[in-house]
Amino acid sequence: MKISFVLNGRPTTVEAEPSTLLSDLIREDLSLTGTHVGCDTSQCGACVIHLNGDSVKSCSVLAVAAEGAEVRTVESLSGLADELHPMQQAFRDNHGLQCGFCTPGMLMAALDLVKHNPDPEEAEIREWLEGNICRCTGYQNIVKSVIAGAAAMRQTS
Amino acid sequence: MLPVIGIGSSPKRKEDARFVRGRGTYVADIKRPNMLTGVFLRSEHAHAIIKSIDVSAAMAQPGVHGVYTGEDMKADNVGGLPVGWGITGKDGEPMKEPPHPPIALGKVRYVGDAVAFIVAETDEQARAAAELIEVDYEVLPAVVGLVDALKPGAPAVYDEVENNLCCDWHLGDGSAVEAAFQNAAHVASIELVNNRLIGNPLEPRAAIGEFEFATGQYTLWTTSQFPHVVRLLMGEMVLHIPQHKLRVVAPDVGGGFGVKQFHYAEEAVVTWAAGKLGRPVKWVCQRSEGFVSDAHGRDHVTEAELALDEDGKFLAMRVKTLANMGAYLSTFGPNIPTNLYAPLLSGVYVIPSIYCEVKCVFTNTVPVDAYRGAGRPEATFVVERLVDMAAREMGIDKIEIRRRNMIEREAYPYQTPMLVEYDSGDPRGCLERAEVLADVAGFEERRLEAASRGKYLGLGISTYVEACGLAPSRMAGQLGARGGLYESATVRVHPSGAVTVLIGTHNHGQGHETTFAQIVSEHLGVPFEDISVVFGDTDRVQFGMGTYGSRSLVVGGAALAKANDKVILKGRKIAAHQFEAALDDVIFEKGEFSVAGTDKKKSFVEIAGAAYVPFDYPLETLEPGLEEQAFYDPINFTYPGGAHFAEVEIDPETGIVALKRYSAVDDVGTIINPMIVEGQLQGGIAQGIGQALFEHGVYDQTSGQLLAGSFMDYCMPRADNLPNFAIEPHSTTCTHTPMGVKGCGECGTIGSPAAIISAVVDALKPFGVSHVDMPATPNHIWNIIRNSSARIAAE
Amino acid sequence: MKAFAYHRPDSVNAAVALSSANENASVLAGGMTLVPTMKQRLATPDHIIDLSGIAGLMGVSMDGGTLVIGALTRHSDVAASALVIEKIPALAALAGRIGDQQVRNRGTIGGSIANNDPAADYPAAVLALGADIVTDRRSIPADEFFVDMFETALEPGEIVTSVRFPLPDSAAYCKFGNPASRYALAGVFVVKTGGTVRVAVTGAAPAVFRASDIEAALTESFTASALERISIDASGLMSDIHADSEYRAQLVMVMARRAVTMASNPG
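Line order of the protein sequences matches chains A, B and C. Going from the first sequence to my numbering is simple: count from 1 and add 3. Going from the second sequence to my numbering is simple: count from 1 and add 489. If you count the third sequence from 1, position 195 lands on 188 in my numbering, and the numbers rise without skipping.
If you're looking for bench data, these hints aren't it; they were derived computationally from the structure. Since we're looking at a predicted model, the values are computed, not measured. The beta carbon of each residue, even a glycine, is placed where N, CA and C say it ideally should be. One thing to keep in mind: the hints can contain errors.
Here are the computed distance ranges between Cβ atoms for each label pair [said to hold, decoys possible]:
#1 Gly82(A) to Arg34(C): 38 to 48 Å
#2 Asn566(B) to Asp32(A): 35 to 45 Å
#3 Asp141(C) to Phe702(B): 51 to 61 Å
#4 Val682(B) to Glu125(A): 31 to 41 Å
#5 Ala36(C) to Phe702(B): 39 to 49 Å
#6 Ala1279(B) to Asp141(C): 31 to 41 Å
#7 Glu16(C) to Asp32(A): 26 to 36 Å
#8 Asp233(C) to Glu560(B): 34 to 44 Å
#9 Gly82(A) to Asp928(B): 41 to 51 Å
#10 Ile519(B) to Ala36(C): 22 to 32 Å
#11 Ala209(C) to Gly1257(B): 33 to 43 Å
#12 Ala73(C) to Glu125(A): 16 to 26 Å
#13 Gly82(A) to Tyr(-1)(C): 32 to 42 Å
#14 Thr15(A) to Ile519(B): 16 to 26 Å
Pulled a few chain C residues facing chain A out of the computed Cβ check, cut under 8 Å [as the list claims (entries may be wrong)]:
#15 Val28
#16 Gln33
#17 Asp43
#18 Ser45
#19 Arg99
Sequences are here, hints too, so could you generate the full structure?
Put into C-alpha cells, the structure is as follows:
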C-alpha cells in the first residue's frame, strides 16, 4: 500500500506492505540507517524517532502509522556539512557516546524530554531515559550531555 | 597551522562526527547488490539427537534459494570452528576438544544450536520457510548446572567425554599451600557462584558473505573485534579459502565486550552460502536469537580458603573452581577460567603460596567465553570475598586487613607465586586516595541517617589487579595459545605530511581513531586533524590480532609508537641527505628536523614532501617514500589495578539494593586521553554493577531453556539504576611498554562486583549475613533478610 | 512479520463489522503489545483492524460526576491531562509510569485493558476505581470485565470505546517493577470513597484481582498500620525468575501500605 508522510521535512510517498515496521521502512526502504534496531522486545530504544513530535520506538510501530504524519529521525538534526544540533554537540563534547549504536535513540529521546522540560535535572533525565539502554557509557556522560544540550538549546532559543 | 594534540589531552573524538549524526556504518546498515537474506533455524531442545531433517517443504517456498544443514556443510568438507588456546590437564593430557560444526551434525547440544540455514529473497520468506522445516528429534535429558554435570550418571554432552570433563587443570604449588594451611592461625573459607552473564553489546551481531565467481574472491562483513583472526581461522581451518582470496571487513561495530571476539559459526555459514549461491547473503541477529547464540560469560562455582597468621597476614590460598564451557569450546573458552583467572589470585597482596584447580565442564548451554574482564573479575571476586570473610571472622577492619597485606610500591617488580610478575603498582596509594574520595570517614553518619529511615546502608571495598595487554607471545605460547598475540601498525605519511595509520586493533567504542591520532600527533608533531586511523579491513590493514583483553593501546599503541620511531629515523635520513649532514647530527624535535648546532631545519611537511619527490637519493641506502610498519610483541602483561568503594542502601521491606555512591581510584599507567579513559572506567564499572545487582543468564535446570532470554527477563542496567561515579586516576608508569601505558578497558568490570557485594554484605551485617551471591536482586535479598530474621528470632 | 490484510475503518460500527466478518482478525490500538507479538510471530493475524482512523475515541472529559477517558487516549495524554490530574491524580500518576515515555506516547487505555496483561497497570486502576468499560454495544462494570490472564468479558469483535471512572475521595497506586521489563511485579491501587475501600492488585497473580482482606482492614481503618498484621496468601500468586510467590505476597502488602500512606497524604 501507499504511505505518504513528511520525513525529516520532506514530503515522501512509499509503497510498502502493511506488515512493514516503521523502523524497517526508514532503514531498508528509505536507507536512513541512523535509526538502529537493538532488540526485539521494545526495550532498548536504539530505534527511537519522533512521530508527530513525540518520541516513539519505531521498531514497535507499523509503517502505516506514519500515514499523514510528520516523522523525524536523527538524520534531521543536522545536515551533512552543517554544524551539529546543540544536543548532538553536547553528546560529543561530554563523551556521551562510545560505540554510537544507542546514540541516535538517546538523542531523539532526550529531545522529547527537553520539549517537555527545557531544564531537566539529573534524576528526571535518568528516569526519562529508562527506555534507552546504553551498554558502553554507564549513562553518566549521557546524563551530563543532556543537561549540557538542554542548556545550549535554552540559550539558542 | 592546526594544532598538535598529544598525549594527556582530551580532544573531542573523531569518530563522534559520524556517530552523533547517525552516519556510522554498521554491518546491518550495509546493502550489497543482489543481496539475499538468511535466517537460522535453531534448536528448541537443549539436548537431542537429530534423527532426520526434511527441508523439502521449505525449499519449495516462494523466494527461497537455499536451505542448508550440517550435513550439507560436511559434504562440502567444511571444517569445525577452531579453538585458539589448548590447555593441558594436571595429568598432562590435553583438554578434550570435540568438533564444533558450524551447523549441528547428528545432535543438538543447547537451546539455540543451529540446525539449518535458510536463504531467501526476503526475511519474511526465509522465516516462513524455516517454520516448514521438519526436524525429527529424539530428545535427551539435558544437564545445565556445573555440579550436576560432574555427577556420575549425568547426561553426557559428548559420548566420548567422560563425566563431561573437558579438562582438570591446575596452577601453583599444592604442597607448599598444604604446609602453610597446617600452620595457619586462622582459615577463612567461602563457597561462591560467579553468575552467568550475557554480554549484550547494543548492536546485535550480523554478517554478510559475498563471492565473486570470476575472481574466486570472498568477502565477509562481520561485527567482529578481530577481522584478521576471523580471516585466518575461517579461511584456513573452516572454509579452506586462501588468505589472499578472502577479505574480512569489520566496519563500525556497536560494542563488543568480548562477545564479538570469537569466530562464530554464522560468519562461516554466510560466507559459505554466498559461495554456493553466487549472491551476497546477509544475516542479522535478532536480540532474542543473540541471547542463545552469542557466547556467554563467567559461570563458575568456587570453593576457596585463605590461611592467615594470628596478625591477619595472609599465608596461603587454595581455590577449587568449576567453570562452565557450555556445549562447545568457543574460540578462547578454555583459556578464560584458567590462564586468565588463576594467575590473578594473588590480587594486590603478598600471598606466599597459592594453589588453584579448575575443572572445565561441558553442559547443555550456550558456549561460554570471554566477557569484559574475562577470568579476572572472577579471580578478584574470589580473593576479595575471602579477604572480607577473613576480616570479619578475625575481627579486623576490612580496610585494615587489606593494608596489612598489600604489596608495597617499593616491592615492585613483584613476582607472585602464580607465574606473573607485576612490573609496577601502588595499591596503598590507590586505597588511600579512594578512602578520601569515598568519604569513608563520613560513612557512619550516613549509615545512621539511613537507619533513621529504616534503611540499611553498607560500605563495600574491593582492590584488584589485572593482567592485560594480551599478550606476550612467549608466555601465551607456554600457556597454550596456538599463536602469538603481537600487534602491528603502519604509519603512512602522505606527501602533504598528513598521516594515515593502519592498525590491527579494532575500534568499537574505545575511541581509537582519537587516541591513536594523539600518539602520532605527539610523536611526529603532525596536527591532530591531519591524522586518520584505519582499522577493521583485512584488505587495507596489514595484519592484526584485534581488540580484546585491554590490549589496543598497550600492544597496538606500542606498535604505533615503534612505527613512529621508524618514521622519524627515515625522516632523519632524508633530512641528512638534504642537509648534506651526517645522520647522527640530524635531530627531530617538535615536528622539525634540524642539524645540531646550525640553523638548518626543515619541517615534517617538507621532509614528507621530499620523500615522495626524491632527487639523487643514495639509492643503496635511502629509498623514496615515508611509510613504516612495526610489529610489537610485549615482554610482559601489564597490570592495571586500583581500589573501589561502593555504598548501597537496602530497603528491608522490598529487598531492593540502591547504589548510592561509587568511588574508584585506578592505576592505568600513562593516560593518553583522560576523557576516554574515564569513559572506559565508567562503562566498565556499570557492567560490573550489572553483574553484582542485575544480570543473570538463568537456565531452567531441567529443560535447559534459557529463562532470561530477552531484555524482558535479562536485566540490563538502565540510567535510573545508577548514580554518578567518582573516578580518579592514580597512575604508576608501566616499566616495559613504550609509553608507560597499562590499559583501562576492563578495570571497572573487574573491580566493581566485589565492591558492590562487600557493601551489600556490610549492609546486612545486622542479619548475620557473611556472603551474598550475585546478582543481589530484590527477591534474593529479601529472602536472605527473611531467613536470617527467622533464624535470629529462633536463636 | 507475517503478511496481513490491513483495514483502517472510520467508525466503530465499521470496525465491529470488519472484526465480525473476518476470521483471525486483531484490533490494533497503540500496538505496544500487538506489534511486538506479531514481530516475534507469536501472533499471526490475517487481518489488522486499525482503530486510529476513528474520530471521537480520544480525549478526556467529565460527564456529570464521572471522568470519561476515550479508549484511544494515550498514556502520555492521560498523565498530562489537567482534568485527570485534578479529578483522579493517582490515575494520572499511574499513566505516567506505564512502560517508558515511548510506550506512553503510543499505548492506549483501551488497548491496555482489552489486552489484560497480568502485569499491566491500568487494570488495577479500572478495577479499584470501579470504572465502567463502555463498548460498541454495552457498558461492563470493571468487576465483571477482567476474567483471567489476557482474558476479558469482551465478546469476539467487541470494541472498547471509553472507560468511565467515578471520582474517589482519595486514591493512590504503588508498584514495584520487574527489574528487567519494568512491568509490575506487584502493583496495588487503593481507593477510598465514602466508607468504601476498594483495593486492586496487578502483577502478582494471573490476572488483576481485588484484595478483600486488605479492603476489609482498610474499611476498619484507612491507615498503613491497619495492614501490619495482615498477610496475603501466596499460593495463588505467580512465581518466576524475578519474584517467587512468597516475595510477591510481601510486595503486595508493602505496596498496599505505601499506597494507603500516599492516599492519606496527597501531594
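For each hint, the structure was consulted:
no.	hint	verdict
1	Gly82(A) to Arg34(C): 38 to 48 Å	39 Å, holds
2	Asn566(B) to Asp32(A): 35 to 45 Å	40 Å, holds
3	Asp141(C) to Phe702(B): 51 to 61 Å	59 Å, holds
4	Val682(B) to Glu125(A): 31 to 41 Å	34 Å, holds
5	Ala36(C) to Phe702(B): 39 to 49 Å	42 Å, holds
6	Ala1279(B) to Asp141(C): 31 to 41 Å	35 Å, holds
7	Glu16(C) to Asp32(A): 26 to 36 Å	30 Å, holds
8	Asp233(C) to Glu560(B): 34 to 44 Å	39 Å, holds
9	Gly82(A) to Asp928(B): 41 to 51 Å	48 Å, holds
10	Ile519(B) to Ala36(C): 22 to 32 Å	31 Å, holds
11	Ala209(C) to Gly1257(B): 33 to 43 Å	37 Å, holds
12	Ala73(C) to Glu125(A): 16 to 26 Å	22 Å, holds
13	Gly82(A) to Tyr(-1)(C): 32 to 42 Å	35 Å, holds
14	Thr15(A) to Ile519(B): 16 to 26 Å	23 Å, holds
15	Val28	5 Å, holds
16	Gln33	6 Å, holds
17	Asp43	7 Å, holds
18	Ser45	7 Å, holds
19	Arg99	5 Å, holds
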